[in-house]
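Peer 1: As they're listed, the protein sequences go chains A and B. Residue numbers are given in the working numbering: position 250 of the first sequence equals residue 250, and the series is strictly consecutive. Residue numbers are given in the working numbering: position 172 of the second sequence equals residue 1172, and the series is strictly consecutive.
Since the hints were derived computationally from the structure, they do not count as laboratory data. As the structure is a computational prediction, the values presented were derived from the model and not from experiment. A portion of the hints provided could be inaccurate.
Unchecked claim - Computed footprint of chain B on chain A, listed as stretches where at least three residues anywhere in the stretch have a Cβ under 8 Å from a Cβ of chain B:
#, segment
1, 58–71
2, 266–274
Stated by the list, open to error - Simulated pairs of lysine-lysine, BS3-like, Cα-Cα distance not exceeding 30 Å:
#, chain 1, residue 1, chain 2, residue 2
3, B, Lys1161, B, Lys1047
4, B, Lys1005, A, Lys121
5, A, Lys27, A, Lys316
6, A, Lys220, A, Lys32
7, B, Lys1054, B, Lys1064
8, A, Lys286, A, Lys256
9, B, Lys1005, A, Lys124
10, A, Lys316, A, Lys261
11, B, Lys1026, A, Lys124
As the list claims (entries may be wrong) - Here are some of the chain B residues that sit facing chain A, going by a computed Cβ distance under 8 Å:
#, residue
12, Leu1008
13, Leu1109
14, Leu1111
15, Ser1204
16, Asn1206
17, His1209
18, Gly1211
19, Glu1261
20, Ile1262
Quick reminder that beta carbons are idealized off the backbone N, C-alpha and C, glycines included.
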Amino acid sequence: MKNYSEIQITSDNNAISCFGLSRNYGKVQALKDLNLTVPYGSIFGFLGRNGAGKTTTIRILAGLARPSSGSAWVAGIEATRTDSIARQRFGYLPQNPAFYHWMTPVEYLDYAARLFGLSLKERKQRIEEMLQLVDLQSVSHRRIGGFSGGMVQRLGIAQALVHHPQVLILDEPTSALDPAGRHEVLELIASLRGRVTVFFSTHILNDVERVCDTVAIIHKGERLLESSREDLLNKYPVNTAELELDNHHQADGEWKETLEKQPWINSIQTEQNIVRITVTDVARGKQALLPLVAGLGLIINRIQWVRPSLEDIFLKISA
Amino acid sequence: MRTLKFTLSIFFAAVRKEIVQQWRTKRFLVLIAVFLLFGLGSPLLVKMTPELIKSEPNGEELIKLLPPPTAAEAVASYIDMIGSFGYIVVILMGMNAVAGEKESFTASLILSKPMPRWVFVLSKFTAQLLVYTSAFLIGGLTAYYCIVVLFGAVDVLLMIKINVLLLMFLVTYIGIALLASVLGRTVAAAGGVGLGLAVLIGFSRNIPHYGKWTPDGLMVWARELGSITENVTANPGAIIGTLALVLIFLIGSVVLFERQEIQ
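Next comes chain A alone, as it looks inside the complex (with noise of 0.2 Å):
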């Protein structure tokens, strides 16, 4: 065993880092060559879709995984050589997280503390707190096995951040749920700001939008764009007019058809009764489209210039 003082210390100041790091399975590459660095004090959204070789980063980071090629940091500590050590500094949240049936969440808590090596008194404070931050103690005595989903991922935050980790690590911790349970998940995250580091992986890009203040996207293993999410935002004109059509049955006729002839328009997506048309040229979209709406006889309650969401930017970009 090595003391913290043997093990290499990274002298950048990033909660997490990661150089070349690359893995094969096979003749499979799942991650080529990614760089990544995740400032401390962020909420870090590494964005991808499924098979994009965010789990794979996330289960090498977390030291249950080896890298092919390159090394990773985490606060400080080289995480790819496998030193238990290096996990006392972060949380770690797997996406579907499995507990001992027969355990209850005091106990659960307990037990991991004690692998961080918290000494009694601290494990009971700590316990305490951890079940108040994600509303268990009602259930705090009562066995994991009969847990819903948003339970066990609260448990599963709540083990993640029993030691005071200088860094928490989330593997899709909302795919899995209901409206309900990503609703507590999202704002458990959110409310977690400022005290802790946090990265995590996401396919939706509400979640993503709603809680991070930066930004990765991985595509195929590689990494596409790494950004605060303002930037990246900012990076994209205001190119989009959002109509709210007065009723949903206008969302289907024929004014569609005509919009759709007009060369300065790109696209045009409608949900419900929310249009939205993407322009080529915003001076003539701007001057030309509401009149040409308004001749086309929609009744509109509302109509916004903004700019693409990050789903389109991450459609666009990972296309």
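Following the hints, position chain B against chain A.
Peer 2: Chain B alone, transformed into the frame defined by chain A:
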């Protein structure tokens, strides 16, 4: 030293969790029941054999030809029971240890914490050793008590010697079950590997010159002690061979587990 203390605290926490798990999932009770059955069943069966024969047609005539059952027969029956079924019980109960955690994905959460993988594996072995030894002791004491009650006094030291050899024989299979559990991705696969390895160990007694140093050598020694004769050949080579095998299984389990990717 601080690091060693920390590692030891993790080890003891893991052993404690394993023992509590054996109790809460009723595995410990099942083991106690099984070894109680071995300890109680063997002397009872030997004692009741004449009665069973008597109940058969011409049994009364047949029984006159047979000598009355003895303590030595009861001890031999107990040894055979452990030798024939004990190792299967150990493998069936132990195959879940690592494979079960891999299959249910509980291992990934635990191994993302500062628990070294060797601690994960060895804590399971240690806990199983303690739990199985406790259950075995209960079975052994029961066997001794029943034999004394049913057949008269038996040398305590002799019974202790026999039980130590039997326990060492079973410890080999704790090691086999652990290695199989590391090798198998699922509990069922681990069970298959474990029974396969057990068969191989069983065959190893036929290796010329070296066969007597295998765990089976311990059984032969225990049977000789159980026959309560003057001429018993001590076989320390079997103890050394068995301990070496257990060590190989443990090292193999740790090395293989260190190289595995955990899902």
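Peer 1: The structure should be examined with respect to each hint, and the outcome stated for every one.
Peer 2: Evaluation of the provided hints:
1. Figure legend: the segment 58–71 of chain A, annotated as covered by chain B; annotation consistent (6 residues with Cβ-Cβ distances under 8 Å, at least 3 required).
2. Coverage of the segment 266–274 of chain A by chain B is violated in this model, with 0 residues showing a Cβ closer than 8 Å to a Cβ of that chain against a need of three.
3. Proposed proximity of B:Lys1161 and B:Lys1047 is supported: the alpha carbons are some 23 Å apart, at most 30 Å.
4. For the hint pairing B:Lys1005 with A:Lys121, the CA-to-CA distance comes to about 18 Å; that is within 30 Å, so the pair holds.
5. Between the alpha carbons of A:Lys27 and A:Lys316 the distance comes to roughly 28 Å, so the proposed pair stays at or under 30 Å and holds.
6. Distance check on the hinted pair: A:Lys220 and A:Lys32 sit about 8 Å apart at the alpha-carbon level, within 30 Å; holds.
7. At most 30 Å may separate the alpha-carbon atoms for a hinted pair to count; B:Lys1054 and B:Lys1064 meet this at roughly 10 Å.
8. Only pairs whose Cα atoms come within 30 Å are accepted, and A:Lys286 paired with A:Lys256 is accepted, the gap being roughly 18 Å.
9. Under the criterion of a C-alpha separation no larger than 30 Å, the hint pairing B:Lys1005 with A:Lys124 is consistent with the structure, at around 21 Å.
10. For the proposed pair A:Lys316 and A:Lys261, the alpha carbon gap of about 22 Å is at most 30 Å, so the pair holds.
11. Annotation: proposed proximity of B:Lys1026 to A:Lys124 holds, straight-line Cα distance about 28 Å (limit 30 Å).
12. Using the Cβ-Cβ criterion of 8 Å, the hint placing B:Leu1008 at the interface with chain A is not satisfied: the shortest such distance is roughly 10 Å.
13. Of the supplied interface hints, the one on B:Leu1109 holds, with its beta-carbon coming within about 6 Å of a beta-carbon of chain A, less than 8 Å.
14. For the restraint placing B:Leu1111 at the interface with chain A, the shortest Cβ-Cβ distance is roughly 6 Å, inside the 8 Å limit, so the hint holds.
15. Interface restraint check for B:Ser1204: the shortest CB-CB distance to chain A comes to about 35 Å, outside 8 Å, so the restraint is violated.
16. A least Cβ separation of about 40 Å between B:Asn1206 and chain A goes past the 8 Å threshold, and the interface hint is therefore violated.
17. The criterion of a C-beta within 8 Å of any C-beta in chain A is not met by B:His1209, whose closest approach is roughly 42 Å, and the hint is violated.
18. Because the closest C-beta pair between B:Gly1211 and chain A is about 40 Å apart, greater than 8 Å, the hint is violated.
19. At a threshold of 8 Å, the smallest CB-CB gap from B:Glu1261 to chain A is about 5 Å, leaving the interface hint in force.
20. Annotation: B:Ile1262 was flagged as interfacial toward chain A, and the flag holds, the nearest CB pair being 4 Å apart, inside 8 Å.
The structure shown violates the earlier hints numbered 2, 12, 15, 16, 17 and 18.
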